[in-house]
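Peer 1: From first to last, the protein sequence lines are chains S and L.
Just so we're aligned: the first sequence equals residues 1 to 427 in the UniProt record's numbering.
Just so we're aligned: the second sequence equals residues 1 to 702 in the UniProt record's numbering.
Bear in mind the hints are in silico, worked out from the structure with no lab data behind them.
Bear in mind the structure is a predicted one, so any value in this text is a computation, not a measurement.
This list has only true hints and no planted wrong ones.
Simulated crosslink set (PhoX-like; lysine-lysine; CA at most 20 Å straight-line): (1) LYS195(L) <-> LYS254(S); (2) LYS164(L) <-> LYS149(L); (3) LYS185(S) <-> LYS125(L); (4) LYS56(L) <-> LYS185(S); (5) LYS695(L) <-> LYS663(L); (6) LYS254(S) <-> LYS201(L).
Incomplete in silico selection of chain L near chain S, CB under 7 Å: (7) ASP182; (8) ASN184; (9) PHE185; (10) LYS188; (11) ALA189; (12) SER365.
Glycine included, C-beta positions come from ideal geometry on N, C-alpha and C.
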Amino acid sequence: MDIKEVYFVDGIRTPFQKAGTGYRNLMSYQLGANAIQAVMQKNNIEEKEFEQVCLGTVIHQTQTSNVAREAALTGGVTSFTPCHTVSQACISANAAIASMSDVIRLGRADLTLAGGTDSVSDIPIQFPREMRQKLFQTRSFKSSGDYAKFLLKLRPGDFKPEIPDIAEFTTGTVMGMDCERSAAKYDITREEQDEYAARSQQLAAKAWEDGYLKEEVTGVFYPGASDEITFDNGVRKGTTKEKLQKLNPAFEKKYGTLTAGNSSFLTDGAAVSVLASEEGLKKYELKPKAKIIDHVFTARNPGEELLLGPAYSIPKLLNKCKLTLDDIDVFEIHEAFAAQILYNLKLLKSKKFGKNKLGLDGAFGEIPMEKLNLWGGSLSIGHPFGATGSRILNTAVHRLHIENKKYAVIAACAAGGHGHAMLIERV
Amino acid sequence: MFKLQIENNVGIIKLNKEGSDHNTISMDDLDSMVELLDTIEKDNSIEGAVFYSEKKDFLAGADIKKFLEMSEEETRKVGKTGHSLFNRIEDSQKPFVAVIHGACMGGGTELALACHGLVITDSSKTKLGLPEVKLGLLPGLGGTVRLYKRIGLPNALDYILTGKNMYASKAKKFGLADVFVDENFRLKAGIQLVKDIASGKHITKKSKGLSVKDKALLFGPFKSFVISKAKDNVMAKTQGNYPAPLEILKCLEHHPGKSREEAIKREIEGFTKLLHSPEARQLIRLFFLMNSYKKNPYSEDLSDAPEHLSVLGAGLMGNGISTVSIDNGYKVTLLDLSDDALKNAKKNTSEYLENKVKRKQISRSDYQKLLNDLQLIESDEPVKSDALIEAVFEDLELKQKILKKWSEKLDASALIATNTSALPVSEIAEVCTNPERVLGMHYFSPVEKMPLLEIIKTDKTSKTALAKAYDIGLNQSKVCIDVSDGPGFYTTRILAPMLNEAMIALSEGYEPQSIDRIMKKRGFPVGPITLIDEIGIDVGAHINRGALGKMFKERGANSHPVMGIMEDKGWLGKKSGKGFYVYEDKKKSVNPDLANLFGDDHSFDKKADSEVADRLMMIMINESFYCLQEDILKDAESGDVGAIFGLGFPAFTGGPFMYTHKKGIENIIDLLNTLKDKFHNRFEPAQILIDYKEKGKEIYKD
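Given these sequences and hints, build the entire structure.
Peer 2: Right under this line is the structure:
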């Protein structure tokens, strides 16, 4: 079997909206459909041309458990295209992109669509287990007497909703709290975090002003649901470090440094990327923007190194591809928390970490701020869990063209102690 | 040890013993603390200070080696110096805060109690404690003076008398923590607490004092009741053989209502007395021995340390072995032909782990992960693994058959161990392919609790195999000794004549309970008659019939036949409800039909006296010398360790060899000869004792 090269054709996303705002009346699959429709229109891709579709998601609705299928069908992809959904917390879209790249690499398809969609405004809230069991039994009820007995068995506690929170299942620790502890452990100050968060906001606002982000986004208009949505409503132009310093800690109230201002916020949105083989480019008359060279996944003990994904995945990727940090011009790294990105950067330039954890002679190296997340990041633009990987990829390719550079690396951390990194080359 | 740095107007006193993983405190360290306190008190810009450690422990305790060299006068002097330092901290106008993470034992806890405020981390590694009693001492830097004022008299007695750990959640429940916090915020929390106390924003838990109820228990008839109840407990447990708990009781009875200076004076007296008691010397020796026995003596020959164990037989022993194995990181395949036995074993393991979850020693997901490391297979066919520990019935032919089969299928490097208390390991090894990796691993029941593992080597056993057996045992937190193969190895061999002597005493008309009582008085945790009921009379009878019984017979000491008769009647001891005692509704009384076994008119009308106790003790001690003489033991020290940790030989004596050493070889020989003349030549002193005496050789160098 020949190994083929994988080309990035184009990518697009919906504007990202804070949870409970612009998209509060939409379901997750509708956001995905919107992005798919837009990318097809923009690139003149016909309904039957996609040979496979894969979307990532984190908040699963039971009615649309294979959300990729529902999004593709409503977004204009033919019913003859197989679709599947993947889930790997905040790197779900990365997993979808990795999987669709490999499908092309192995010659199983010539044109694929990968990305992700999530709506946190519409989380499935469950009844407690006992109530679920009682309700399940109603399926076999025959007489009205059965229902009468069922009603008599109900207790007030049965109606107490179970709302899922962003906590590690195995350790029971909420992610913000974990990041708070790591911030203390790796000595990241509140001031550094606020400074970084303000930078993210200012850069995102500027990228919108400069028109770069507008090119990556499609407007969303659902009659009756809302006005047309055309911009990311988490981006706040006037944000300064001084303003952020006034906020109270959000997780560890007394000794904490993480606030709503320097943590990514709950977001709704979808993003997709189109991938093709050389044959696919020819067959469907598409122009590539970049080549996807390689990717790696990493995993660490979630109780100890939950959000260190980039600190492990970037060295693993570059060592595998025999490149150094200096060879890379564009870095797009997911910003779960300002503290998280700062301690990942800190560990990469730490001798101790390089020696003890990466098995190197010294530090892996320093990522210069002039190369990192120059158009904002998850802290300002927002972070729909399942979609961020695709947004980052699209932006990285876009930046390679605007900045006229060769290599880009995208990287992210995820719940479960996972990490991902991908190497991209402009064409 | 102590380094001061100032941050944000708060002194951070870092505890950092250079060149050691653990922080321990010594007298020299206390001297260096004086300067720090001077600096902190003189500098007006410093608001207060925290004691803080970046190591995994806060303070693991005091350096006891140095104490052993001190005279009584020096001990008192050092005690006074330490106390005046801690008093100075307690009396300081500036707040002192101890930031506790990891182990905070002995002097660490006492330092914390002297401070004004406490930050305690919620980590499962965090534990406080005053373990001095385990060394035959009392907490001598204010432990008896300050703890009861914080957690009440009954709780303080409980912790100081047992020396047990107080885990973080317990410390919080007792109200010791001013701030209870994640380990990563501990320094920040400590600094903030100093500031809050200094500014009056925080009222310390220490200043709030005890509840009305706990205060009431400090005086009058309530105090007397609490103390006398604790004393009853101590006497029941120790028979008065250990002076430390009694001295602790006296201190805590004395202190309430007295001034701090009076209480401290009393504590120093108690500590000085105990430090120079022979019991403390032996317990401290044991403590150091335990630490040195934590190292694998064959570590140089260790390669491919086993990770996956097969345990064959899911009975009591196999179950216990697999439980302690998974609890210590091993993957275990447990095999048995009975599905019920397997399921029952998994249930027991699960309950054991559940208990650890309840005590917050492991998390719920750890529980699941550990339990998943136990795989059950209803078969006795070999499965691929790094080591086999076989624990089927004590039947030589069965063991030979099974181990032969396994040795043919397992990799040549895999360890093969048989768990047996008396079967000849050499005869089992003989039938195996690659017999050099076959050895015995004699665990004691209940495996989860008993600290000893006796490893039995044959002539062929390789050092690599020994290294692996040690590796497994040490990982299972066992104290390990290795002995040569021979009838009953070491522990069973010295226990059997002692139990047999108890049978003879019964036949002479000594009352069973009185025999148990007198041996408990001598310091054994259980009396011999109760012990044999618990081990199982069938097991005892089986051992008497086997090689060990034969060996004694050849030496002219017949095994008493009573256990064989009882086995035939189905009186198997506690497990069958009837043995030397009958067990009904949790009550135990002498089996009314027992006397008849010794003759028609037999009655137990004599109370065991110290001569009976001497006979039981001496026959056991004499046999341990036979083991040294025949090279079953490699040295006297491992014999002391084995007897204390495997058989409950009184710890304060230091073990059979140390006991002989302290009493004098000549006196022991004399006593044996006296017993021999009066009773039987089974008391004939071992030749090695005579040789030692004649050559003037010492068992131990002082």
